[in-house]
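Q: Residue strings, one per chain:
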Amino acid sequence: MIVRWIVLSLLLLAAPARAELNIEITGAGEHQTPLSLVRFGGDPLIAHSLLEVVGGDLARTGLFRLVDPAGRLPHSVSEVRSVEWEGTETLLLGSIEEVDGGQLAVRFSLFDVVRNAELMAQVVTAKRGHLRAIAHRIADLVYERLTGSPGVFSTRIVYVNRDRDGFRLVVADSDGYGEQSLLTSKEPIMSPAWSPDGRQIAYVSFERHRAMVYVQSIDSAQRRLLAEFPGSNSAPVWSPDGTRLALVLTRDGSSNLYLVGRDGQGLRRITRGSQIDTEPAFTADGQNLLFTSDRGGSPQIYRLSLADETVTRLTFESGSTFSPRVAPDGKGFVFSLFKEGLFYIAVQDFDSAQTQILTGGGWEKKPSFAPNGKMILFATEINGRGILSTVSSDGRVKQKMVAQRGDIREPMWGPFPK
Amino acid sequence: MKKLILAIFLVNFLVGCASNKPKEEAAAPVSNAAAAADTSAADAQAAADAQAATEAQAARQAVADEMAALQSRNSVYFPFDVDAVQAADRDTILQHAQFLAAHPSVTVRVAGNADERGSSEYNLALGQRRAENTKRALVLGGADAMQIETISFGEEKPRCSDHNEACWSQNRRADINYNAQ
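Line by line, the protein sequences are chains P and V. Numbering of the first sequence is given in our numbering, commencing with residue 60 and proceeding in unit increments. Numbering of the second sequence is given in our numbering, commencing with residue 1126 and proceeding in unit increments.
Okay, chain V solo, but in the shape it has when bound (with noise of 0.2 Å):
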């Protein structure tokens, strides 16, 4: 998890110095025409790195976007006491297995829940077996299995308290974290 954390802050942090750069050269003073050649030689290297700069930011932007908009829909649902993930998350399961195949420095947590009808410690057992399957699905659609931690909440943390089908299916899930921590 170190790693992520250490990735997104990495992200973070090059977007910041990105944005920055360009109010810093603007804001230093010309102090005369001597200065003038060695300033153009300068502002040619600086367009450069700029360019550069900026390229790897929208590289990194894109990354960063793309993992957001998996992030947002990064649950997949299964059936009462089934651990086995459904054919209906198949497009869910390759797209984010594919983001961590191309993306193999980053990391997620799979977090496996249940619904209230069992035990608690039943359904922390189920949502780990959830979980365990999710990762497994990620792994056969090209993750690499160190990519991948399985956690359970169980019944712990449900999406939705009533009781009834309509917040059972909520809770039945495994999420797929890209900002754990």
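For reference, chain P alone in the conformation it holds in the complex (with noise of 0.2 Å):
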């Protein structure tokens, strides 16, 4: 097996904190498109920053081998000649151009140099501020284009920094990048859910001793209490639609699912019985929430079905298994699994019932599947510390992100930007 191992220390451009981030990318796609990035025609210090976040979101995915273009510089499809570039078998080239002041212009084209094509030419245009924005949408556009699913790249993520002072939970760019503190707390916050817009976030918090559902707009930062029965309130997930949310409440006594109305209203219980029922998530069409359950003896993966509440049991693992999420294309879901003292990253179908490790063990834990279905974020350690780590869904390529402080954990994949 040929293992790569690229080191990529990405610099924060133009977000106000300037963070660092390590990402070491282990392992490769089973099919490397050659790519040439050649710098950008315009400003040469913006194309330089510009070309660099394009380069680290596609090396990442491990689809590209990205070939130097050893001082070549078209920045138009009509100055290429294609026989010069033995070696690759596309270029991304383009020119940058300030427009009304503080806004950039980004042209670009991708070019395939093996059957002598233009293969897709746009402009991307925003304020000259939002240059990271930039280079994620054209690394989306040109990811598409290339391997026919949407890419990622300018998706957000959500996750739990804890660290000697207490709690964030903290909004970030796919890459890491761009930090937002939503919540600053000495008291844990757990389980931070993403509303299907991408507007608001659900999470458990123990701001008032005991765990308690808030939910919270990201850009107004307004929140509100959902959920603060006695006992615990905790594991929100909004329905697909929107227009509810699945939780598991202790009020009766033991851990059962529960759904509420996005408005608090309409609290309707759904399992009952004195196991433990938590960590709901919905099926694609919203009509089955998959849960973890102790009701057969060791901690598994079950069904419920919402419109007869029969349930069936989905994993048969010798160890345990939590933290269900169910895959964007709705076939099957992925999951944590505890055997042997390791927790594993693992998927499994529905409809045949097979289950793949794609992981190599250890703290992993809490994964959520990227909106195209690609890549699974999940939750990790190394020397001690919690970190965000990623894999592609079929186990090929994976990559870890090493923040400069605290623990990151429950961390949850957003949606793609409405």
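Rather than coming from a laboratory, the hints here were simulated on the basis of the structure. Model, not experiment: these values are computed from the prediction. C-beta atoms are modelled at their ideal positions from N, C-alpha and C, and glycine is treated no differently. Warning: the hint list may mix true and false statements.
Unchecked claim - These stretches of chain V come out as covered by chain P in the derived footprint (C-beta under 8 Å, 3 or more residues): (1) 1246-1257; (2) 1277-1287.
Claimed, not checked - Taking beta-carbon pairs under 10 Å as the criterion, some of the chain V residues facing chain P (in silico): (3) Asp1206; (4) Asp1208; (5) Arg1234; (6) Ala1236; (7) Gly1243.
Unchecked claim - Here are the simulated SDA-like pairs of lysine to any residue, each with C-alpha atoms no more than 20 Å apart in a straight line: (8) Lys398(P) to Asp1287(V); (9) Lys1282(V) to Arg221(P); (10) Lys1282(V) to His268(P); (11) Lys1282(V) to Asp466(P); (12) Lys1282(V) to Leu242(P); (13) Lys186(P) to Glu238(P).
Join the two chains, each given in its own frame, into one complex according to the hints.
A: Structure representation (structure tokens):
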């Protein structure tokens, strides 16, 4: 097996906080497209920064082999001589223009030097301060044109950062940059979950000394208490249509699943009994909940039909299974498997019921799919510190993202921007 | 919980008053002999009051001491992925239960915890069950259910954070807290 190690040290370009994040990639896709990123025309400093982000995004997928353009600098398709580009298949080239003061217009083309044909041509315009966003957008378009799946470089993730001062609820770009703190608390924060429109986060906070569920708007920072029943209120997750949430309450004794309207009205109890039922996750059609339960002895994953409340066991592992999340295409789910002292990230297909372990094992918890279904984000640990990690959904490409301070826990990948 | 805060406040308040009172009396001026008879009657009354206050204070202090002693051994422990109270903690449970039975105005908050081997949400649920079962054991031992609130911190507040059994065994516990806020 060929293992590639690429260590990218990406410096934050335009966002206010100059955090640094080390990203380590291992593995490669089954087929890697050779791709040359040619420095764009215009301000060389901006051009360099832009391509660094685009290149980082594409390299992290493991699907591209970046070929050094070796000094050749065509800025438009008419300047490309395909015969000069042996060893690569595709060129990304373009130019940057400043328009109306603070605006940048970035014109770019994707050119196939094997077929000598332009694959796409686009202009992305944004404020100069949003250079990273422009770069992520270009990477999304290049990725989609070359793989057939939409890119997720413009999406965001949410996680909890824990250090000696306490807990922070953080939203960041999918590459870990552009951190925005939504909440700081001395008491634990758990289980953040995105609304389907990407505008709100539901989460569990212990700020009133026990677990209660809050819903907070990302942009306005407005928030409200969704559930404050006696005992623990936890594990919130939105239905795909955004009209209601599933959550876990212990107000009637043990941990059971409930549904509640997004306005906090219309509470409906879904499971009964003295066992633990927790971690609900809607299926893509919104008609079923996957959840973790110890009703069969060890914690395993079950599916419940919301129509008739019938329950089917899905995992039969020798260890325990936790934290199910359904794939965006609805065909399977990802979960965390605890076996012989280690946690692994695994996927299961609904039709075949086949389980595939994607990772090498460790403290690997809380997986969630990227909205294109191609990558899985999860929490793991390196040298005793909690970090973010991703694995491609075929298990071939892995990356670790190490932040500078604190432990990162409880990540969840957000939806496509709306 | 308000009741408990109030109870603690009252204990502290009364202790404070009782210790201040003699100083105030010692500082009170005795102006003339005519006042002496009244003063001696008042002194007798004051002495009786002081005696009663001292006794009440001593009684409250005894309760506070007993509560502090119980608070210092307030944990019960659980095996991995088990939420039943263990026989080893029988004495601890009985001591707390008997104290609660003897002092019905005292309330406690039982907080369940879990080690990190599980998802955070599963562990929150497991901690809640440990707290519930601890409450049940306290009620069986004579406490009133209304005196006991249960919460869980799951794996969020580990007492010890290494990945080994020595640590995990410390984190699989329920704490009976008298001074919870």
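Q: Would you mind marking each hint as holding or not holding in the structure?
A: Each hint, compared with the structure:
A stretch counts as covered by a chain when three or more of its residues have a beta carbon under 8 Å from one of that chain; for the stretch 1246-1257 of chain V and chain P the count is 8, and the coverage holds. For the stretch 1277-1287 of chain V, the proposed coverage by chain P is satisfied: 5 residues have a C-beta within less than 8 Å of a C-beta in that chain, meeting the threshold of three. A cut of 10 Å between beta carbons decides the hint on Asp1206(V): the least distance to chain P is about 8 Å, and the hint holds. Hint status for Asp1208(V) relative to chain P: holds, with the closest Cβ pair at about 9 Å, below 10 Å.
The interface hint given for Arg1234(V) is met, as the beta carbon of that residue sits about 8 Å from the closest beta carbon of chain P, less than 10 Å. Proximity of Ala1236(V) to chain P holds as hinted, the smallest CB-CB distance being about 9 Å (cut-off 10 Å). With a least beta-carbon distance of about 6 Å to chain P, the hint placing Gly1243(V) at the interface is held under the 10 Å criterion. As the CA atoms of Lys398(P) and Asp1287(V) are separated by approximately 19 Å, the hinted pair is consistent with the 20 Å bound.
For a cut-off of 20 Å, the pair hint linking Lys1282(V) to Arg221(P) stands: about 11 Å separates their Cα positions. Simply put, Lys1282(V) and His268(P) have alpha-carbon atoms about 12 Å apart, close enough for the 20 Å limit, and the pair holds. At most 20 Å may separate the alpha-carbon atoms for a hinted pair to count; Lys1282(V) and Asp466(P) meet this at roughly 14 Å. In summary, the hint linking Lys1282(V) to Leu242(P) is supported, as the alpha carbons are separated by about 18 Å, within the 20 Å threshold.
For the hint pairing Lys186(P) with Glu238(P), the CA-to-CA distance comes to about 19 Å; that is within 20 Å, so the pair holds.
Hint check: no violations occur; every hint is consistent with the structure.
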